[in-house]
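Engineer: Residues per chain, in single letters:
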Amino acid sequence: MRRANVISGVILVIFGLVMLAVVIPMQINPGPDGMMSPRLVPGMMMGVVIALSLLLVINNIRAKATADDSVAPISRGEIRALVTIGVIFGAAILLYLLVSPLAAGAVIVIGALLALGERRPLVLIAMPTGLLTAIWFLFYKVLGTGIV
Amino acid sequence: MSDLLIGFQDVLHPATLIWVAVGVTLGYVLGALPGLGKATGVAVCIPLTFYLGPVAALGMLIGIAKGSAAGSAVSAILLNTPGEPSSAPTALDGYPLARQGKAQKALKMGLFASVIGDFVSTLVLICLAAPLARYALLIGPVEICTILLFSLTFIGGLSGNSMTKGLIAGAMGVFFATIGLESETFVSRMTFGLLELEDGIALVPMAIGMLAVAEMAVQAGNVKVLDSEGARITDGASRNDRVVLASEWRRCLPVIARGTLIGSVVGILPGLGASVGSFLSYGATRKASKTPEKYGTGMIEGVAAAESADNAVVPSSLIPLFALGIPGSVIAAILIAAFILHGLTPGPLMFQQQPRLVADVYAAMLCASVILLIVGYTGQRLFAQVIKAPLRLIIPGVLLLCTVGAYMETSSVFSIYVMLFFTVIGFFARKLDFSFVTFLIGFVIGPNLELSFRQSLQLLDHNAMNLSKHPIAVVFILLTVAIVWWIGRGKGPAAGERHASAGQTPEKHVPTNS
Chain X
1 MRRANVISGV ILVIFGLVML AVVIPMQINP GPDGMMSPRL VPGMMMGVVI
51 ALSLLLVINN IRAKATADDS VAPISRGEIR ALVTIGVIFG AAILLYLLVS
101 PLAAGAVIVI GALLALGERR PLVLIAMPTG LLTAIWFLFY KVLGTGIV
Chain V
1 MSDLLIGFQD VLHPATLIWV AVGVTLGYVL GALPGLGKAT GVAVCIPLTF
51 YLGPVAALGM LIGIAKGSAA GSAVSAILLN TPGEPSSAPT ALDGYPLARQ
101 GKAQKALKMG LFASVIGDFV STLVLICLAA PLARYALLIG PVEICTILLF
151 SLTFIGGLSG NSMTKGLIAG AMGVFFATIG LESETFVSRM TFGLLELEDG
201 IALVPMAIGM LAVAEMAVQA GNVKVLDSEG ARITDGASRN DRVVLASEWR
251 RCLPVIARGT LIGSVVGILP GLGASVGSFL SYGATRKASK TPEKYGTGMI
301 EGVAAAESAD NAVVPSSLIP LFALGIPGSV IAAILIAAFI LHGLTPGPLM
351 FQQQPRLVAD VYAAMLCASV ILLIVGYTGQ RLFAQVIKAP LRLIIPGVLL
401 LCTVGAYMET SSVFSIYVML FFTVIGFFAR KLDFSFVTFL IGFVIGPNLE
451 LSFRQSLQLL DHNAMNLSKH PIAVVFILLT VAIVWWIGRG KGPAAGERHA
501 SAGQTPEKHV PTNS
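Taken in order, these protein sequences are the chains called X and V. First residue of the first sequence? That's 1 in my numbering, and the numbers climb one at a time after it. First residue of the second sequence? That's 1 in my numbering, and the numbers climb one at a time after it.
Simulated from the structure, these hints should not be mistaken for lab results. Since this is a predicted model, take the numbers as computed values, not measurements. Watch out, some of these pointers could steer you wrong.
[Said to hold, decoys possible] What the simulated footprint calls covered on chain X by chain V, stretch by stretch (three residues with Cβ under 8 Å from a Cβ of chain V suffice, anywhere in the stretch; the number is not a length):
| id | region |
| --- | --- |
| 1 | 2 to 13 |
| 2 | 22 to 36 |
| 3 | 113 to 119 |
[Claimed, not checked] In silico DSS-like pairs for lysine-lysine, Cα to Cα no more than 30 Å straight-line:
| id | chain 1 | residue 1 | chain 2 | residue 2 |
| --- | --- | --- | --- | --- |
| 4 | V | K224 | X | K64 |
| 5 | V | K108 | X | K64 |
| 6 | V | K108 | V | K294 |
| 7 | V | K469 | V | K290 |
| 8 | V | K469 | V | K287 |
| 9 | V | K224 | V | K294 |
We put the beta carbon where it would ideally sit given N, CA and C, even for glycine.
All chains should be built: construct the whole structure from the sequences, respecting the hints.
Structural biologist: Written out as structure tokens, the structure reads:
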């Protein structure tokens, strides 16, 4: 975790500096005269983040090494799962825009089931059907509110 | 008192009572589903109440708020995925209890603590709302600013092993809250030309992404390990594993009393919300315990502490709404629309202009607490069945519900983009031990913090010496410094980071880090 703390601290310092030097001046106008600048609070928060991140980096560089330092806090399986979920949602958004919300909903369920190792055809058909019907019934029939 | 009796007469009518029961049941189900919390539930159901009478309509919406506050503990205990951020501390001990075969015990204690906290807090609301209207006027922007700062510091310090990381997360939350139109000058801030960002980042898709989808991503990465662990989550054979024992009641009652008190006080203070209440209560209980190291491993007191405070916040957060017309929480803000719609304008004058309707609301709230106990207790076995399903079947369903919940906020695909963006942030935050809860609290109180900070600067005429005219603010500034010193001494940057790998943080007591 020590190494991860140093890396995340450095990334946060860079993030804070970019925000302070580039994004905040470019994306926030100074505001009318006589009023407090709209840049004040975002700038203050980034100042706090930079200062605390530097403290995080320094403290972890100075801290003694432990046996756990060699263990990565994030496993490959977790990164793979995050990317897979991103791909599933990407496909769902495409289907939502090009086909229909129903197809998007189905692909989220079926895609996730397949990605997690489910291969039984009955489950692959019944789960999206059941879930989408239940959502339709809850919102359109019970609550009387359209969601799409 | 006579008004309250008339209120009970109105509410105990079957036609009204059934809508309160429908609200509680619906709320319980919505609360149990990750991402669909009380704010979403009430917002979705407001159009449903158009055709109901004022008492039935308000009773139903209050029932949803109360039901979902209690229902969010179900997924926190069974799935380690809090239905709402305020139930995150419930998962810390509730989920380990479930893994030990004590899911029913944890669910029961969660329900009892919820009902007690909720009921007592409703009584606090009834007793305090009208009298407090006079004294609450003493709390101005300077005081609110210092109270919010104190809360953020406290939560940042308590919610992880490293106070530095907690404060970074809190500052990042406030920073993201500044995106959108600035409330005084109406200057766009960091919208990158996107119209969807003019109103700021919507809380619901952000919270769903950070909490639910990020958790699903982590769990999907460990699905085999977790399924094998999940298979071990079975109801204990012993009756003692399924019921709350007298000895546990004795241990938990003082914890529930403290949690109710903390939740009620936090609810009264505008802007803090249920997450602050449940974390404060959990932290205070852990600090007060003789065995704080056992928290996070399945202490039933942890469940009682978090749930009693979480549910106590809901009724007491209506105190500033009723006394001053200022919403003390997200749910109170949403309820304003419903109250006005049904002829009750929240504020000090409502006690004079609409005493009967106020009494009806109070009676409906008390009845909703009792109905919550009945619905929760009888439906618990049904909800407990979730633990028998393998994760590969749960994750797709949760992902779909998260998508629906996020989408409903704005009825736009942009909400899904927001959800996915914060899924990535939430994923790395939880893996690198940056408190995503502090981030969310910073985000929620950010607008209030900024507004009160701006007003404070104007009121104090940019001169810190003028703070001496605001003794309450001075007290909270001193408390903030004391909290930094107190927490920092035991678990501050040096200690926290030095021992980061040696001990698990509360947020790390999830299977994802196993």
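Engineer: Against the structure, test the hints numbered earlier, and report the numbers of the ones violated in rising order.
Structural biologist: Hints 4, 5, 7 and 8 not satisfied by this model.
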